[in-house]
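S.K.: Protein chains in written order, with the numbering used here: chain L, 4 to 318; chain X, 397 to 828.
Please keep in mind that the hints were generated in silico from the structure rather than gathered at the bench.
Among these hints, one or two may not hold up.
[Unchecked claim] Below, computed lysine-lysine pairings styled on BS3-like, alpha-carbon distance capped at 25 Å:
(1) K584(X) - K488(X)
(2) K584(X) - K545(X)
(3) K543(X) - K42(L)
(4) K58(L) - K42(L)
(5) K42(L) - K545(X)
(6) K593(X) - K488(X)
For reference, the chains in residue letters:
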Amino acid sequence: MFATADAGLAGAAGVATPPLNSFRHYRHLTLELAISQFKLRYTQSVLGYLWSLIKPAMIFAITYFIFVDLFKINDGTKFYGLQVLLGVVVWTFFAECTSSSMAAIASNGGLIRKAYFPRSILVIAASLSALFTFLINLVIVFVIAVALHQIDIGLRIVMVIPLLLELYLLAFGISLFLSALFVQFHDVSHLWEVLMQLLFYASGIMFSLTYVLQRLHLALEVGAKKPQTPHLVWIVQVMAANPIMQTIEDLRHALLTPVAPWTELVVSGHLAAVHQYAALNAAWEVPVPFLVVILAVTGGALTFRSRARSFAENL
Amino acid sequence: MANHDVAIRVENLSKRFRIPLDRSATLKHRLTHWRSAARYRTLEALLDVSFEVPAGQFVGIIGHNGSGKSTLLKILSRIYRPDAGMVTIEGKVSPFLELGVGFNPELTARENIFLSGAILGLGRGEIHQRLDEIIAFAELEQFVDHKLKNFSSGMEVRLAFSLAIQAHAEILMMDEVLAVGDAAFQQKCFDIFARYKREGRTVVLVTHELGAVTTYCDRALLLDHGRLVADGDTADVTGQYRRAIGLAADGSLAATEVERWGSRDVVLTGVRILDQRGVEDRNPPTGGFVRVELGYRILSDAVTDFVCVLWLMRADGLILSESALPVSQYARVGESQRGAGGTIRFDIAQLPLLDGAYSVDVEIQERRGTGVYDHLKHAINFRVIDRRERHGAIELGGTWSVVPTDQTAGSPEPFVSPQWVGPDERPGLSRL
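Using the sequences and the accompanying hints, generate a full structural model.
M.R.: Given below as structure tokens:
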């Protein structure tokens with residue numbers, strides 16, 4: 004929580020109030036806001052909450068139809084359809100979390116001008132409400148996977164928790180950044196829409212990193228001939244830096260099948276040495292997605308904090 | 397809570413607002429006007445204000461609109477940050493300034509109680525315990541699971557109030573709570589004020605109701621253009637305020653001779669512009685609900701009936717509309733009731749004005765229109781905010797449509813003057 008810095012500005016202008024345990028105090032408000040936003044999102048629709056299931060299902064159907072049925076793209080991995088579905092569900096979370104959180108401050112002007120509470124609560128609530136939907140969808144994907152496919156459940160599954168945390172932190176950091184800027188510059192919503200389009204393709208929703216590597220003939224075997232398209236290496240490097248791609252790939256590994264390798268092994272080329280996997284052979288890039296997440300959270304928090312004090316006046 | 401403690405200490409508090417002279421809300425504007433980025437008008441909302449409120453004191457803050465009352469309250473509630481000075485608060489402050497903060501029209505009354513209760517700092521368990529009490533006090537037992545948007549404004553205010561009094565803060569900040577609701581509601585407010593006084597809570601009340609200040613407050617502060625100009629006994633301070641704004645002893649509005657004329661058998665005592673929730677709002681949005689509320693007082697035995705007429709004008713003086721109290725409501729005044737008063741309301745469901753400054757002239761005249769009791773020019777000025785920033789003054793509210801010519805019907809002309817369509821033809825434009 005970033006908004007307790009009001010007190011104790013000795014010497015400077017400020018308002019000093021008795022200290023209170025801000026987390027405990029505001030936890031309840033955060034939950035209440037998240038719950039009501041969750042309810043509001045599906046109000047006045049006949050199918051209500053079902054939309055949160057239908058939407059990813061429809062995106063999945065379109066993606067699957069275009070890439071698998073029409074263009075016959077299939078990366079050859081096991082449960083390709085399931086892997087695409089998982090990618091779509093993760094993407095839907097990221098897209099909904101960032102776009103609904105972006106307006107969290109601007110659309111609650113009345114509340115901000117009339118009541119005091121840490122402003123970040125509004126963004127936390129909006130992102131949590133997207134997270135509820137995501138978790139339910141994830142469980143459904145898992146149930147489908149268990150029921151229809153003989154997926155191989157292993158100890159890898161514990162990795163799901165840190166991966167979800169990483170994904171949430173990324174979305175939350177970006178949400179803080181966007182919501183703070185959106186108060187004054189509504190342009191960010193348009194810019195973000197375009198960026199999301201780009202990110203969609205850079206997140207490996209309908210193909211794995213390995214597949215891209217194979218298509219580009221970057222390195223099929225260790226010590227094999229040079230990549231056929233060396234000028235395209237940067238595309239793969241950008242994709243490998245994308246935490247969404249990394250979490251989707253790792254979730255596939257952890258949740259669905261060990262055949263889809265950990266991203267780390269693909270990027271570093273460690274796996275290629277053993278199994279003749281296509282690999283990027285760029286060990287230096289392994290920590291990049293995590294650095295991106297840290298950057299998003301700190302950058303978002305700092306931006307939000309410096310702008311939060313004037314929200315009430317600017318709205 | 398010891399009564400000698402200081403609950404609120406304000407030292408040399410200043411706050412200024414920078415009002416941008418041009419709208420720089422878009423990135424494009426920032427990019428194309430980057431060199432002239434610092435075009436602001438500075439408004440000193442508060443200037444070097446200092447005072448102390450002992451615990452358990454009931455303080456009223458008065459002053460004309462724009463004097464800094466609400467800004468001060470918002471700084472005390474930590475909503476605004478001061479530019480200079482220090483505020484020290486000892487005790488739990490209620491985080492609400494107005495009634496019904498956080499209410500969402502799409503949620504039910506019950507859901508709103510939980511949400512708005514959370515903003516007031518009430519836990520889920522606490523609300524569960526008091527739910528019946530809150531609903532009973534608001535007299536809404538049969539509407540608990542109805543959406544708030546289907547409530548009348550009176551029901552909404554009752555719900556907001558019965559929830560607000562549940563806040564167990566030691567220090568309460570209230571901004572114009574009396575401005576909403578009818579006489580019965582005001583009485584409820586006064587009952588609660590009396591209870592707060594008995595319980596020894598510290599209350600800071602911003603209001604225009606000078607009567608309430610003298611009755612309930614232990615002390616009054618008068619703000620004028622951001623400065624604290626009077627602090628002390630309520631009768632003295634309200635008296636000073638009345639003189640300053642020229643409120644005559646009869647309670648009517650003051651104005652110079654040029655702007656005001658009439659026999660004064662009936663006088664206007666106040667003019668306000670309210671929003672849907674009954675809160676004063678001088679910046680109504682295009683398409684929003686607006687209520688013009690006029691206070692009147694009858695000062696002569698000779699008066700039996702009267703008419704009220706209102707003219708709406710653009711800032712440049714162009715009269716946009718005239719509206720008068722309908723015939724069916726003339727008789728409301730009835731027999732002579734010298735000293736009696738009341739309010740006249742003029743509701744506009746969807747304000748058809750675009751962005752700009754407007755003002756209202758009001759007149760109270762004899763029923764037959766033969767004599768003027770009280771005419772007030774520029775009784776109130778307001779500024780309409782149109783989020784879509786369209787040009788002009790009036791929202792026409794029309795609908796647009798595009799009808800392409802049907803090529804298969806063999807008509808190359810996209811438009812010809814209207815033709816008669818035979819009875820055997822399908823009506824419509826397809827034949828054109």
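S.K.: Need the status of pair K584(X), K488(X): alpha-carbon distance at most 25 Å?
M.R.: Measuring from Cα to Cα gives roughly 24 Å; hence the hint holds.
S.K.: Checking one constraint from the list: CA of K584(X) to CA of K545(X), max 25 Å. Satisfied?
M.R.: 24 Å, holds
S.K.: For the pair supplied as a hint, K593(X) and K488(X), confirm whether the alpha-carbon distance does not exceed 25 Å.
M.R.: This hinted pair holds, its Cα atoms lying about 17 Å apart.
S.K.: Sort out whether K42(L) lies within 25 Å of K58(L), counting only the CA atoms.
M.R.: OK: K58(L) and K42(L) at ~17 Å, within 25 Å.
S.K.: Are K543(X) and K42(L) close enough, with their CA atoms no more than 25 Å apart?
M.R.: 13 Å, holds
S.K.: Would you check the hint for K42(L) and K545(X), treating anything up to 25 Å between C-alpha atoms as holding?
M.R.: 15 Å, holds
Checked against the numbered hints above, the structure breaks none of them.
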